[in-house]
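**Q** Residue strings, one per chain:
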Amino acid sequence: QKEVEQNSGPLSVPEGAIASLNCTYSDRVSQSFFWYRQYSGKSPELIMSIYSNGDKEDGRFTAQLNKASQYVSLLIRDSQPSDSATYLCAVAPNSGAGSYQLTFGKGTKLSVIP
Amino acid sequence: SAVISQKPSRDICQRGTSLTIQCQVDSQVTMMFWYRQQPGQSLTLIATANQGSEATYESGFVIDKFPISRPNLTFSTLTVSNMSPEDSSIYLCSVKTGTSGWAREQYFGPGTRLTVT
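Sequences listed follow chains F and Y, in order. Heads up, the first sequence is in my numbering, so the first residue is 1 and it goes up one at a time. Heads up, the second sequence is in my numbering, so the first residue is 115 and it goes up one at a time.
Since the hints were made in silico from the structure, they are not lab data. Some hints here could point you the wrong way.
[Stated by the list, open to error] Capping the alpha-carbon separation at 30 Å, the derived lysine-lysine pairs in DSBU-like fashion look like this:
no.	chain 1	residue 1	chain 2	residue 2
1	Y	K121	F	K56
2	F	K67	Y	K210
3	F	K2	Y	K210
4	Y	K210	Y	K121
5	F	K106	F	K2
6	Y	K121	F	K106
7	Y	K179	F	K42
8	F	K106	F	K56
9	Y	K179	F	K56
Based on the sequences and whatever the hints tell you, model everything.
**A** As structure tokens, then:
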């Protein structure tokens, strides 16, 4: 059974600090990785996708992938109170039948303290 | 990314009844999906809505309970049939946009919050 694990939090960081969110996955064939942000009462919003080992940066967000360790992380630099939300990690295989289905973790709740 | 709308945004229904949720996209998309997010939980894929053919259901979900239609490349419906309080959840449609086969990004609609009494 495919599993995606995240620390449920809450993770509290002061404004301006770096928030580090972690995710591990069990299915070795997973090749596509995503981070979604979900504000309370809202639907998930895609903020990062990563397909290759290493780092991918987009503004204040950096996604890091290590397929050998089955680990993906999201760093948020210069955290703002508006970053307070639940962050969902999702994974998908890259080819074959069912390759578009996303498996989600339960999410990490981030709270940025002004 | 595409603009996705869902109707209704929320509803309160009595047990034993059925509710049909609509998902409309402002552009043609290759794939559409339906997810459920139960209170305090993450998202679980119900099915992939296939245009012109029967939906593909995930383990634990069946067509009799969650019939799905997808008559064209911009629209899909999910029906929650013979509802019980356990069906109280947020139901979300998502779409995969773009023509690149390797891209796996999905974008979500605003969701439908269903309460069954």
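**Q** Indicate, hint by hint, whether the structure satisfies it.
**A** Evaluated hints:
Of the pairs offered as hints, the one joining K121 of chain Y and K56 of chain F is violated, with about 36 Å between alpha carbons and a cut-off of 30 Å exceeded. Taking the CA atoms of K67 of chain F and K210 of chain Y, the gap is about 24 Å. The hint holds against a cut of 30 Å. Distance hint between K2 of chain F and K210 of chain Y is fulfilled; the C-alpha atoms sit about 21 Å from each other, no more than 30 Å. For the suggested pair K210 of chain Y and K121 of chain Y, the alpha carbons sit about 19 Å apart, so the restraint of at most 30 Å is met.
For the hint pairing K106 of chain F with K2 of chain F, the CA-to-CA distance comes to about 13 Å; that is within 30 Å, so the pair holds. About 26 Å separates the Cα atoms of K121 of chain Y and K106 of chain F, which keeps this hinted pair within 30 Å; it holds. As the CA atoms of K179 of chain Y and K42 of chain F are separated by approximately 25 Å, the hinted pair is consistent with the 30 Å bound. Straight-line distance between C-alpha atoms of K106 of chain F and K56 of chain F comes to about 23 Å, which keeps the hinted pair within the 30 Å bound.
Restraint check: the Cα-Cα separation between K179 of chain Y and K56 of chain F comes to about 41 Å, which exceeds 30 Å; the hinted pair is violated.
Hint violations for this structure: numbers 1 and 9, all remaining hints satisfied.
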